[in-house]
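Visitor: The residues making up each chain are set out below.
4 protein chains.
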Amino acid sequence: MVPRYSRPAMTAIWSPVNRYRIWFEIEALACEAMATFGAIPEEAARIIREKGDVAMAAFSEADLARIDEIEAETRHDVIAFLTWLAEKVGPESRFVHLGMTSSDVLDTCFSVQLVQAADLLLADLDAVLAALKAQALRHKMTVTIGRSHGIHAEPTSFGLKMAGHYAEFARNRARLVEARREIAVCAISGAVGTYAHIDPRVEDFVAEKLGLAAEDVSTQVIPRDRHAAFFCALAVIASGIERLATEVRHLQRSEVREAEEFFHPGQKGSSAMPHKRNPVLSENLTGLARLVRSYAVPALENVALWHERDISHSSVERNIGPDATIGLDFALMRLAGMMEKLVVYPERMMANLESLGGVVHSGEVLLALARAGISREDAYRIVQRNAMATWTKLGEPDGRSFRANLAADPEVAGRIDTDVLDEAMDSARHLAAVDRIYAKVFGADAPDA
Amino acid sequence: MVPRYSRPAMTAIWSPVNRYRIWFEIEALACEAMATFGAIPEEAARIIREKGDVAMAAFSEADLARIDEIEAETRHDVIAFLTWLAEKVGPESRFVHLGMTSSDVLDTCFSVQLVQAADLLLADLDAVLAALKAQALRHKMTVTIGRSHGIHAEPTSFGLKMAGHYAEFARNRARLVEARREIAVCAISGAVGTYAHIDPRVEDFVAEKLGLAAEDVSTQVIPRDRHAAFFCALAVIASGIERLATEVRHLQRSEVREAEEFFHPGQKGSSAMPHKRNPVLSENLTGLARLVRSYAVPALENVALWHERDISHSSVERNIGPDATIGLDFALMRLAGMMEKLVVYPERMMANLESLGGVVHSGEVLLALARAGISREDAYRIVQRNAMATWTKLGEPDGRSFRANLAADPEVAGRIDTDVLDEAMDSARHLAAVDRIYAKVFGADAPDA
Amino acid sequence: MVPRYSRPAMTAIWSPVNRYRIWFEIEALACEAMATFGAIPEEAARIIREKGDVAMAAFSEADLARIDEIEAETRHDVIAFLTWLAEKVGPESRFVHLGMTSSDVLDTCFSVQLVQAADLLLADLDAVLAALKAQALRHKMTVTIGRSHGIHAEPTSFGLKMAGHYAEFARNRARLVEARREIAVCAISGAVGTYAHIDPRVEDFVAEKLGLAAEDVSTQVIPRDRHAAFFCALAVIASGIERLATEVRHLQRSEVREAEEFFHPGQKGSSAMPHKRNPVLSENLTGLARLVRSYAVPALENVALWHERDISHSSVERNIGPDATIGLDFALMRLAGMMEKLVVYPERMMANLESLGGVVHSGEVLLALARAGISREDAYRIVQRNAMATWTKLGEPDGRSFRANLAADPEVAGRIDTDVLDEAMDSARHLAAVDRIYAKVFGADAPDA
Amino acid sequence: MVPRYSRPAMTAIWSPVNRYRIWFEIEALACEAMATFGAIPEEAARIIREKGDVAMAAFSEADLARIDEIEAETRHDVIAFLTWLAEKVGPESRFVHLGMTSSDVLDTCFSVQLVQAADLLLADLDAVLAALKAQALRHKMTVTIGRSHGIHAEPTSFGLKMAGHYAEFARNRARLVEARREIAVCAISGAVGTYAHIDPRVEDFVAEKLGLAAEDVSTQVIPRDRHAAFFCALAVIASGIERLATEVRHLQRSEVREAEEFFHPGQKGSSAMPHKRNPVLSENLTGLARLVRSYAVPALENVALWHERDISHSSVERNIGPDATIGLDFALMRLAGMMEKLVVYPERMMANLESLGGVVHSGEVLLALARAGISREDAYRIVQRNAMATWTKLGEPDGRSFRANLAADPEVAGRIDTDVLDEAMDSARHLAAVDRIYAKVFGADAPDA
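Residue numbers (the numbering used here), protein chains in the order written: chain L, 1342 to 1790; chain H, 1342 to 1790; chain A, 1342 to 1790; chain G, 1342 to 1790.
The shape of chain L in the complex, shown without the other chains (with noise of 0.2 Å):
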């Protein structure tokens, strides 16, 4: 992921220096947990933890030099690694690393730096959520048009449309917790997962030391099953980005100019129209819900190893690891960021409501002339025709609203008084249940509107 789109905090999960320090705490743990059961002398754990607990605070851009040095000429990362701690610890490095493989260093480390992302991926969806939340109870009675294939429908509030993406982005942090879960594995169990020259003790240790389980059945490797389920999770988060973000295009557009991102003090929207306030940001999710999509499919691609293990998933994870996590931790915060700050007009979304000359509440006219005995079919055809005959004509002099056309109609006027038609023109029925959905969706928090 290009620096543009990157923080900090997820970068540095994916820096080397946090990988050689979960590297060594791998294997630290594993000697403590072998000098346990006098697999190898107390002393010799005492002295690996010690002075590589020295070497790792003390790690520096000539440690990092050392060790590629190292791979440079042995081509494997994890002997360099090894041999570079030898360095530090001095003799009693021979018993480091005994009996176990490298995949075992390297795919729970990667369990681990998943973890740590997915904690920061939850941190974010909460800022998501908390900012939603704020919008919805905001404008819990704000009316708004609610629209099904980018026309008019029926009204609804402002607040309900938040609290949909709400309840959206509360299954994905279920979604997230639970590819956590999935991925919290680790495996140290040799060269194909028969624990043949080590104790599945130390895996035990290990993985209880480091928040894991360990995995029931590594063959050198954790099983990509599960990562290829932590991507997935991503890209249904994504998407939902995407769905958010789509939502606020929309209502920015110039036409509606319901909502509109913040604009910055000193911001250029255009270097050739000085007019313009673009939707940049929820354009820029679009973007980025699209990357981080896009990875689940290679993830998926993975999970078919050859036999016990080939490598062919490194060269895929050492890239979408870093671009999934990093890309959607910087767009779930621009997201919180950008919903936290979004500007709303209720007043347009009110003028736009009524822009239709009443049409939207033809539903409601229909029902009410079931009511008075009309078949569906005749009832359908006679609001079909009123609706036609005001949109036909909307803003034109001639033009009348849906509720005069309605009252002039013979088929009308004889069947429903004009106080039904006064209250199936009045927005507050579609309010009526959104304290129900409210409880549902934000339990005892939800204050009354």
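Just so you know, these hints were derived from the structure itself, not from any lab.
Errors might be hidden in some of the hints.
[What the hints assert, rightly or not] For each label pair, taking beta carbons as the anchor points, the in silico distance ranges come out as: (1) H:E1718 to G:M1482: 42 to 48 Å; (2) G:F1603 to A:G1379: 48 to 54 Å; (3) G:F1603 to H:H1605: 40 to 46 Å; (4) G:V1518 to A:G1379: 42 to 48 Å.
[Stated by the list, open to error] List of simulated lysine to any residue pairs, SDA-like, C-alpha gap at most 25 Å: (5) L:K1682 to G:T1415; (6) L:K1734 to L:G1714; (7) A:K1734 to A:D1719; (8) L:K1781 to H:D1545; (9) G:K1734 to H:D1545; (10) G:K1392 to G:A1468.
[Claimed, not checked] From the derived model, a few chain H residues whose C-beta atoms are all more than 12 Å from chain G: (11) R1360; (12) I1388; (13) A1728.
Beta carbons: idealized from backbone N, C-alpha and C, even for Gly.
Keeping the supplied structure of chain L fixed, place chains H, A and G upon it in accordance with the hints.
Guide: For chains H, A and G alone, kept in the frame of chain L given last:
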């Protein structure tokens, strides 16, 4: 999905008649709900139920044709169905669909179909799990070589391979249970989800009767993140099929021949080469996995509908709903049968294991040298040298086994005893943890080998 | 592809009978080729052709059933067909398929089917191009607002929008011609492509008769990079459909209303809301585009077959072959019809253009100020200030047009004349280059506006 | 793309300094164009060019920091650059970017970068082609077994395998040439592509100088179908890499050992198993192919921008522009080196070919029996019976070769002579067409074997 890869039970779920039966059930239940609190006459609900049940039970090609005829005129599938239903039910039909919108029926129906499909898929997964477990138990102690990068690594058991796939399919089963829960949702909330013309109790009633949960916030439609998560779960399962299929394809290749798909009497492997017995089932599964996986992409793109809904998701779902579930159903049952009948050749496994002169035990020799006080670097160098000497003269007259080479190496000879070498060449240690792993995977069920 | 989105001509290409006709044609041509150089008796080739032609002309359901019956036993589709053919042709059938392998027939047949499909799709594209050109010519000088980021930018013409889509579909046509060329390939080269049992002249003969090129190197199969490129071309075309569909959806939304899909008499937009006229065609096209695009993913995964071939591609192609071409054929013809009948509202376009008080001319004012010697930074500041003043009071009693605000701004008033301001507010300049662009796109065909 | 998979020449194309150099070049050329027809003073264009060239030549980290600083305030990258440029150029800078919009610069720059990237990739492909051709010529007559379904089929030559991949990469090269042409496009047409404030001759001038074509219809942006086609071409190439990498992985697996990636002295295959020599390069290429392929998905989603443009494509392209080209460049050069140094084992190929007792010649025996007047069905049955008898007793004491089994079969013995059997067992016929195929693939270049 083409008929070749379709099974009747799953295909039936996506048939027009099943769809119309579910539509009627939703409409009838909604009427019954409304009758309970007096929104419509109880008698009307009773008549709708009775006459509708009769009509649905007698549903024929003629009914299909009639509905198609009406749709050709109205260009609206739900209205076409309701018109047909009115013809069957009579005047009480005016109480059907009152205050509802088409999506209330369509989306809830789609949920029911996906739940039905998920139930079939869960049964399929159980068949796969049973076949894998049987092979795992049968070959618990069948020694075979574990391979990383396609290269012999260390011994393992064939049962352990099967146990690993079993564990993955158990995870896949859990994912599908969760995906089923995600999608088991009912929405009867009207044009933009505000319950403006319908009592929310109708939704609760219908949901409960259909074994669904009522959606928290629907916006005419059930939010498509649920469906995206569902199809992603299918994609992960498909990838697990590909992993197992790839394993079988590798085991059957001419140079390996450790296992074979059952070859049907009378089957012809090739029109031109009568000697061929090809792993065509597992290759077919590989292709089906690609298909099922691909359907996740448009499902994810479906999430970002415009405002309260647009109908772009519909054409996608009319295809991937059947395609993904029918394809996966077929693939899982093919996989179950294939694994149940898989022909396994333990002697060939042993022959392959031994074919590299014993170098597969290099890891244990490395540890033995380390235990004898040789540094990791020196031990690695010694072992690699002898492994390469063995490898490069495999099958040649002056070739020697890895053990013989080691025994003749002065750097080894003086340091470790021959019985340590013998022990290092023994595959037994690699099966030592099998019991422990089986207990984790299969629990108390797992009999001793 | 479900029947709802299928047209008969394309569906027929993928019918069993068309497949068997092509299979027979390949076999018969191969026999004729072999007869020309004496590999089989001329009389045999003649009899095969004659009796086969009769059998194929009379091909019925009974023949289909007979082939299926044989396949159920042999589990091999080509052998089943050849056995059926032998029943029809008699003893000379022993000269059929001599030295050939199934893939020679299957792959060459698939090429023929894709070529047939491409020819239909090219005709579809021509229909789309014709519809776009007609709209482009009709609305060459119909002023409308151009929008970037969904925000009014500067005027353009509706015809120019259409010309842009025309140019994209012209590129798409060229891509399909190229993709057709890629796939128009014949392979009759035997089990692993060595012509071990068949003379290469047979391949040349059959290829020429079928209008195909002989593959350079086939390895039992025609390499799947050709097919991947083909399905990628369809994916790009589908994306172009989505771009145009998205434009229409935007133009039809209630607040814009600049264009509308033709609304069929008797059509019902919504079962609950009789006033609705929804852009359901373009929404449907958006979903179909997602589908067709998604088929490129498994087509790309099909490329990496194992060694000289595996059959994993087959299940993919049995589905995406028909799905992608039928879906795209339907989508293109729906698009052509939709664009042909699109209802365009020039007055509404003008009203929208003017609805922002003239700020859409800010770019030209910026340049006028620059020409008057004001620095870019100052000019930008001045124009943005006046644009925002106009924007924020749109429709309010104390609101003023952009031109009025500028005229009242002391930093502007002294610097540029009012006729310069008037000229800056004129949309004419934005159409000045239309002729030039049309000449590039439509060539000499483009009549004057 | 992570540094591990990046080569400097390609990375440099995507560096900020290269981008700014291209931006300046576009702006300077536009000024020169305007000067030619008097839109700005010639002297101004000269000064802009001279001072700008000096500034770009001396471009340093300090300049980068200054531009970033301005962008942090203006939140607009092109304005930031222009402001910096103004600081360097002085008062004449007011003539820079006159009548242009940011996308004129950004999109044309992206085209230039993609063209530069394509030129590197074409050179990479030439290196791959050279390596493949060298192996093809070296092993033109190296007999090896051809495999379908991973099962021995019939003999072929290793050179022919290489020639097949050569032909695919030659097609890939042609696809990239075409993709480069698609993307080699310049747009300088203003805010919505109408040339309202800029003379179209500027676009023509800049395009010609940059070796680009002027876009037919741009709408502020160059239409994204061009970019989608470009990234699809890269995806097809990546899939070709995977096919070849998969071949090598298969050939190197322990049971096959027909070829091996060059194993670097000092390289360690495994930290735990010193005997391992793994095909890590080809596995790595498999993963890189998955990545490059995945980037086509968001590129296709980028096509459907809203109206005249939205900026959602930008975040996608900022990532996949570098990711796809850097990743593919690295992969192609890794592939070229790998194929150049590939270690091939002809003896092992022959040993594998013979390891199935001669059943790989079953196809030729089938034809011999047919020529002897036996019906296809009988011949198939006879040959399959003897092939299976051979296969099932491979390596067993009472096992016999396919030829021996056939000779002992009474249905064979009386029908065909032993010299016919001998001839059928000869691999020579399988190489008979190699010269012909080489002539098609390599033309007059191909020396005799």
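Visitor: Determine for every hint whether it applies to the structure shown.
Guide: Structure-based check of each hint:
no., hint, verdict
1, H:E1718 to G:M1482: 42 to 48 Å, "holds, 45 Å"
2, G:F1603 to A:G1379: 48 to 54 Å, "holds, 50 Å"
3, G:F1603 to H:H1605: 40 to 46 Å, "holds, 44 Å"
4, G:V1518 to A:G1379: 42 to 48 Å, "holds, 43 Å"
5, L:K1682 to G:T1415, "holds, 19 Å"
6, L:K1734 to L:G1714, "violated, 30 Å"
7, A:K1734 to A:D1719, "holds, 23 Å"
8, L:K1781 to H:D1545, "holds, 13 Å"
9, G:K1734 to H:D1545, "violated, 68 Å"
10, G:K1392 to G:A1468, "violated, 40 Å"
11, R1360, "holds, 30 Å"
12, I1388, "holds, 49 Å"
13, A1728, "violated, 3 Å"
Taken one by one, the earlier hints fail for this structure at numbers 6, 9, 10 and 13, listed in ascending order.
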